[in-house]
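Visitor: Numbering (our numbering), first residue to last: 23 to 468.
It is possible that some hints are incorrect.
Claimed, not checked - Straight-line alpha carbon distances no greater than 25 Å define the calculated DSS-like cross-link-like pairs of lysine-lysine that follow:
{"no.": "1", "residue 1": "K182", "residue 2": "K194"}
{"no.": "2", "residue 1": "K72", "residue 2": "K62"}
{"no.": "3", "residue 1": "K186", "residue 2": "K208"}
FYI, nobody ran anything at the bench for these hints, they're computed from the structure.
Given the structure is predicted, the values throughout are model-derived calculations rather than measurements.
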Amino acid sequence: MDTMKYTIVYLGEIIEGFSTDQATDFLVEQFGADRGTAQKIIRSKRAILKKNLDLKTAEQYQATFADFGIRVKVEPSEFAGNKTGKAYRDASAIPPNTAQRLRRPDEMQPTRPETKGPLPARPHVTPFEFHGNGTEYFKIWLANILLTLITFGIYSPWAKVRRKQYFYGNTKINGASFQYLADPVKILKGRLVVFGVFIVYSIVGELFPIAGVLFGIAFAIALPWIVVRSLIFNARNSSFRNIRFGFTGSVWDAAKAFVFWPMAAVATLGILMPYVYYKQRRFVVENSRYGTTSFAFNAQPGDYYKIFLILTLTVLAAIGLAVLVGFLFRPISAIIIGVMYLYAFAFIATKTSNLLYNNTRLTSHSFIADMDVVQYAIIVVTNTLATALTLGIFHPWAVVRALRYKLAHLAFVPDGDIDHFINAEQQQTSAFGDEMSDFMDLDFGL
Numbered sequence: 023m024d025t026m027k028y029t030i031v032y033l034g035e036i037i038e039g040f041s042t043d044q045a046t047d048f049l050v051e052q053f054g055a056d057r058g059t060a061q062k063i064i065r066s067k068r069a070i071l072k073k074n075l076d077l078k079t080a081e082q083y084q085a086t087f088a089d090f091g092i093r094v095k096v097e098p099s100e101f102a103g104n105k106t107g108k109a110y111r112d113a114s115a116i117p118p119n120t121a122q123r124l125r126r127p128d129e130m131q132p133t134r135p136e137t138k139g140p141l142p143a144r145p146h147v148t149p150f151e152f153h154g155n156g157t158e159y160f161k162i163w164l165a166n167i168l169l170t171l172i173t174f175g176i177y178s179p180w181a182k183v184r185r186k187q188y189f190y191g192n193t194k195i196n197g198a199s200f201q202y203l204a205d206p207v208k209i210l211k212g213r214l215v216v217f218g219v220f221i222v223y224s225i226v227g228e229l230f231p232i233a234g235v236l237f238g239i240a241f242a243i244a245l246p247w248i249v250v251r252s253l254i255f256n257a258r259n260s261s262f263r264n265i266r267f268g269f270t271g272s273v274w275d276a277a278k279a280f281v282f283w284p285m286a287a288v289a290t291l292g293i294l295m296p297y298v299y300y301k302q303r304r305f306v307v308e309n310s311r312y313g314t315t316s317f318a319f320n321a322q323p324g325d326y327y328k329i330f331l332i333l334t335l336t337v338l339a340a341i342g343l344a345v346l347v348g349f350l351f352r353p354i355s356a357i358i359i360g361v362m363y364l365y366a367f368a369f370i371a372t373k374t375s376n377l378l379y380n381n382t383r384l385t386s387h388s389f390i391a392d393m394d395v396v397q398y399a400i401i402v403v404t405n406t407l408a409t410a411l412t413l414g415i416f417h418p419w420a421v422v423r424a425l426r427y428k429l430a431h432l433a434f435v436p437d438g439d440i441d442h443f444i445n446a447e448q449q450q451t452s453a454f455g456d457e458m459s460d461f462m463d464l465d466f467g468l
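Put together the whole structure using the sequences plus the hints.
Guide: Structure (structure tokens):
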């Protein structure tokens, strides 16, 4: 049973098609607040409107606010209060008892603000949910480690399937969970192939050193094929509501994304690295499909260059500060470098993930991702410290905690009736059947 409590958070965003006056009128009517307080809420960059709700009630609040043009987030209460800075001091001016006067969604009046025309259709934001917990995963994690050690690694494919089935099964959208359907035997075959190639490389490399260079060239040639086969395997063995995902990318396109463009990035001393990042993610997204419907990717190379430029300037500033401080007190310099590394990791992880999901579409359906750099950095730091202090025992809880945060900041935005779309996909899939054969259906661990 999910005992986590959730918080309704307003981040200063009015849904397109609505006005701030309409949103203010709604808050006045439903909060019982004076107009000045309601206007202050609407102008604030962050305001916590309701705390300690169960997920169902929180989603009802979210839908009701969206009906009146106010976009709010549902955040686990564990993370909702971890913000600092001016944007959040703005909300401190809101009387704390105001949010407590908010009626439950089923108590609110069905009237809408007056408009000069028909209300725009609002998207129904459907958040991802994660219902796993660290204790459950700890049992799976420990059993997987022990069985893998006892069997000298043979059990590792079954361990992978068991782990993925747990996380897929506990990840839900609108009450429906994902499924992982892979056959461990096929994973074992792929790993045996990789292990065999490694053994041959080790032996031949010792006898004929030049063979190491030849093997490197051979691996570069084979890498695109390995990438494509692994992506096909993982997509085909993932499903949602009995519809499998798929991947249709070609080996040639994979070669450009994972071999030729990275080589060009090296030749340009990293200047093309953001473009490589863009090309690889576009290759994966645009060649992925759900049933018979392909995903689309709308991000541009400039979006990635902006992320890397901000990161580069920040890192250079941190290095300069570390050098200056190092002349006075060297230990502080090491701390600055450590903080810089942490920030860089959290910045890249959150910004690129948000960019990926916010620019991915499934026909007219879309996604919303809004992970925060500081919040994610705090989770990474505390998870790392707890795992180190417990000699690795905390690892399962760390994994669950990080995943829960990521999914709490990811939502699906269907355009219209999602059930109608899925039913149509089920009919299309049944009509076409599974056109992919099992030939070389192996997982190489990429």
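Visitor: Now look at each hint and say whether the structure bears it out.
Guide: Results for each hint:
Taking the CA atoms of K182 and K194, the gap is near 20 Å; set against the 25 Å cutoff, the hint holds. A distance of roughly 16 Å separates the Cα atoms of K72 and K62; the hinted pair therefore holds under the 25 Å criterion. Distance check on the hinted pair: K186 and K208 sit about 15 Å apart at the alpha-carbon level, within 25 Å; holds.
When held up to the earlier numbered hints, the structure conflicts with none and fits them all.
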